[in-house]
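Residue numbers (the working numbering), protein chains in the order written: chain F, 1 to 217; chain G, 1 to 418.
Worth flagging that the hints you see were computed from the coordinates, not collected in a lab.
One should not assume that every hint holds.
Stated by the list, open to error - Using C-beta positions, here's what the derived DEER-type ranges look like: (1) D286/G - A78/F: 35 to 41 Å; (2) L23/G - A78/F: 39 to 45 Å; (3) I349/G - G190/F: 43 to 49 Å; (4) R13/F - I298/G: 40 to 46 Å; (5) A205/F - A330/G: 42 to 48 Å; (6) I378/G - A78/F: 47 to 53 Å; (7) D286/G - D117/F: 52 to 58 Å; (8) W403/G - E67/F: 32 to 38 Å; (9) G190/F - L385/G: 51 to 57 Å; (10) E185/F - L23/G: 39 to 45 Å; (11) A411/G - D117/F: 26 to 32 Å; (12) T58/F - A330/G: 14 to 20 Å; (13) D117/F - L295/G: 46 to 52 Å.
We put the CB at the ideal spot given by N, CA and C, even for glycine.
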Amino acid sequence: MSILLENVRKSYRTPEGGVSDVIRLGRFELPKGAHRVITGRSGSGKTTLLNIIGGIVTPDEGRVSIEGTDISALSEAARDRFRARTIGYVFQTFNLVQGYTALENVMLGMLFAGRVDRARAEAMLDRVGLKDRVHYLPTELSVGQQQRVSIARALGNKPLLILADEPTGNLDPATGDTIISLLKEVCAEGGETLLIVTHQPPVMAAFSDVVDLGKLT
Amino acid sequence: MNLFTIVRKNLKQRALSSTLTALSIALGVGVTIAILALKEQGQAGFNQGAFGYDLVVGAKGSKLQLVLNTIYHIDQSTGNVPWSLYEKLKTDRRVVFAAPMAVGDYYENHRLIGASDRLLIDFEVQPGQKFELAQGRLFTYDEAAMRHIMTAPPDHHHEGEEGVFEAVAGARAASDTGLTLNSQFVAQHGGMGGDEHHEKWTVVGILKPTGTPADRAIYINLDSFFHIAGHTKEAEVRGKISTIALKMRRNAAESLEWELNNGTEAMAVRPAAVVAELFQMISKIDVLLLAVAILVVIVAGVSILVSIYNSMADRKRSIAIMRALGARRATIFAIIVLESTTLCLLGGILGGVIGHVAIAVAGNALHASAGVAVSPWILSTGEPLVFAGLIVLGALVGLVPAWKAYQTDIADGLNPTA
Chain F
1 MSILLENVRK SYRTPEGGVS DVIRLGRFEL PKGAHRVITG RSGSGKTTLL
51 NIIGGIVTPD EGRVSIEGTD ISALSEAARD RFRARTIGYV FQTFNLVQGY
101 TALENVMLGM LFAGRVDRAR AEAMLDRVGL KDRVHYLPTE LSVGQQQRVS
151 IARALGNKPL LILADEPTGN LDPATGDTII SLLKEVCAEG GETLLIVTHQ
201 PPVMAAFSDV VDLGKLT
Chain G
1 MNLFTIVRKN LKQRALSSTL TALSIALGVG VTIAILALKE QGQAGFNQGA
51 FGYDLVVGAK GSKLQLVLNT IYHIDQSTGN VPWSLYEKLK TDRRVVFAAP
101 MAVGDYYENH RLIGASDRLL IDFEVQPGQK FELAQGRLFT YDEAAMRHIM
151 TAPPDHHHEG EEGVFEAVAG ARAASDTGLT LNSQFVAQHG GMGGDEHHEK
201 WTVVGILKPT GTPADRAIYI NLDSFFHIAG HTKEAEVRGK ISTIALKMRR
251 NAAESLEWEL NNGTEAMAVR PAAVVAELFQ MISKIDVLLL AVAILVVIVA
301 GVSILVSIYN SMADRKRSIA IMRALGARRA TIFAIIVLES TTLCLLGGIL
351 GGVIGHVAIA VAGNALHASA GVAVSPWILS TGEPLVFAGL IVLGALVGLV
401 PAWKAYQTDI ADGLNPTA
C-alpha cells in the first residue's frame, strides 16, 4: 500500500487561546510494502501523523492518499470502515479490551470490518506464539504477550498497512527486540506496509529506512 | 462474535448493577402482568360464572351480596323470599324455568345448596353447555313434598318425617373433600365450626368440572334441606327459600326485574350487570396498582440509565479502542442502546416468570374462594404491550449514555492519562 501525504497541516488550540501547528508536511510518500521508522523528539507530532494516516484524526489542510483513496475527503463512517478493513494498529499500551480473551480481542478487530473469522484469529495468535494462550485474559498475560496479541489483532483483517505507535515503549529491551523482530517478520511474510513511530534507538537500529519527522516538517 | 457478544460482556462486567436493575424491572413487570391477567381472567371468570342466570330473585338488600351469595357462594344471604313467589314465577310466561334454592349449611367449607333438579338439568353453565355428571346420577327431588313442607301450617314440624337425603357434588368440592359416590356426610350450620346437623346425606353423583363457582358447591335436594331439624321451626325460614334463579325468555328480564323491584316482596337483579358494576369499582383500584407497578418499571429504567451513564468513564478507553479498530460511532451508539434494551428485556422475562407464578398463586386462592378459574398459562391481551413498552423504555433510557459514548474521541480515549 502506498501512502502519499501532500501539504498536510494539523494544528491544535493552545490553552492560552493560540494555535500551534503540530504537523506541517510538504510531501510524505511511502511505497507499497516498505518498512519505515519515523522518529523525532517528544511532541514532534509522530503519533498525530500516525493518527492522520490511520484516519483517526483529520488534517486541517492537505490530502492524505492511501492506495489512491483520499481518506481526508471521506466521511467519518467511511474512514472508520476503511481503517477497519485496511489498517492494523499496534499501540504502545497494547490497548487490549479488558475482560476479553486474547482470541476475543483479535475477533473484535475483525467484527468491525464485518468479517469475523475465528480460525484466522486462532492462526494469527498461533503465528505470534500464543497458541496456548488464546483463552487468556489480558490480565493473565505478560506485557510481551499482550503486545503479541495486539500484533495478532492488527493482522487479523489482512490489512495492507500496519501502523505501530511506540510498539516497544512499555517493554523491556529484550522483549522489545523480540516484538520488533516479530513485526518485521509477519509484515515481510504478508507484504504489509509497515510504519513505526518511535524514539527508541534499538528500534531505529533494526530498520534501514528511518526518517526524522523534524526534518520533514 | 457479534454485537450481542459485546453487550453480554458489558453486562457481565457490571454484573451487580445489571442484576439489581434487572430485578427492579422484574418486580414491576411481574406485578403489572399479574394485575393485567388477574383482572382480565378474573372478570371473564366472574362473567362466565354469572352466565345462565338471567335474573336472581332474593330478599331486598344489597344486589352485590345477593349475586355473590347465590352465584359465587361467598358472603351471607340477604334473607329469604316466600315459596309462593317461586310458585308464581314458575308459571310466569316470561320465565323459561325457575330454580328455587336454599342455603345456609356447609360441608368442610363447601356450601350446600338445596335446589330443585331443574337447576342441574336445565341450567346453562356456558353457552350451549349444561351440567354433566362425571359419575352417578342426579338427586331425587320431590316438588310435591316440597310444596307440602312449604305450605304446611306453622305448628306442623317436618323433622322426623321420612325424607330423601341425597347430594351431587361439584368437581372441586368432591376433590377437596374426598367425597366419592355413596360417601355420607353431615352438614354444619353456617360453615366450619358451626353446629353439626344430625342428618346424613349420601353422595349419588359427581359433576364434571365447569370452571365456574358451581364446581365448589354441593347440591342437595331442596326438600332434604327442610327436613333438617330446626329448619322449619324458625319463623323467618318457615315457608321461605333463599333465592330463585330464573332463565328468562328473550328481552323479558327487564320487565320482570322492574316489576319485582317495585314490589315489596323481593328484589331481582341481573348478575351480569352487577358483576360489571363490581369490576367498574375494582378497576379504580387496579388502575392505581397498575400505575404504581408501571412507575416501578420506569424508575428501574431510569436506574439503568444512571448505571450505564456512570460506567461511561470506565468504558471510555474500551470504546476508544473499538473506534480505533474501526467501529463507527453509530455502532458504539447501537451497542449501548442494545445493552439497555437487553437489560430491560431480561428483567421483563424474569418479571414474566414472577408474574405468572403470582397469577398461579392468586388464581388458586381465587378459585378456592370464589370458584373463578384463573390460569397462569394464558397471556393477557396487555402482556405483549408490556414487552413492547419495555423495548421502547430500554431504548429510550439507553439514548443518553449512548450519546455520551457516541461522542467519545478516539485519540483522547486512547490516552490513558486522559
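Going through the hints against the structure:
1. D286/G - A78/F: 35 to 41 Å: With Cβ atoms ~54 Å apart, the hint is violated.
2. L23/G - A78/F: 39 to 45 Å: holds, 43 Å
3. I349/G - G190/F: 43 to 49 Å: At 46 Å between Cβs, range holds.
4. R13/F - I298/G: 40 to 46 Å: Once the Cβ atoms are compared, 42 Å apart, the range 40 to 46 Å for I298/G and R13/F holds.
5. A205/F - A330/G: 42 to 48 Å: holds, 44 Å
6. I378/G - A78/F: 47 to 53 Å: Holds: the Cβ-Cβ distance is about 52 Å, inside 47 to 53 Å.
7. D286/G - D117/F: 52 to 58 Å: Since the Cβ atoms of D286/G and D117/F sit about 55 Å apart, the hinted range of 52 to 58 Å holds.
8. W403/G - E67/F: 32 to 38 Å: holds, 35 Å
9. G190/F - L385/G: 51 to 57 Å: Because 55 Å falls inside the window, the suggested range holds.
10. E185/F - L23/G: 39 to 45 Å: violated, 52 Å
11. A411/G - D117/F: 26 to 32 Å: holds, 29 Å
12. T58/F - A330/G: 14 to 20 Å: Holds, at about 18 Å.
13. D117/F - L295/G: 46 to 52 Å: Holds: the Cβ-Cβ distance is about 48 Å, inside 46 to 52 Å.
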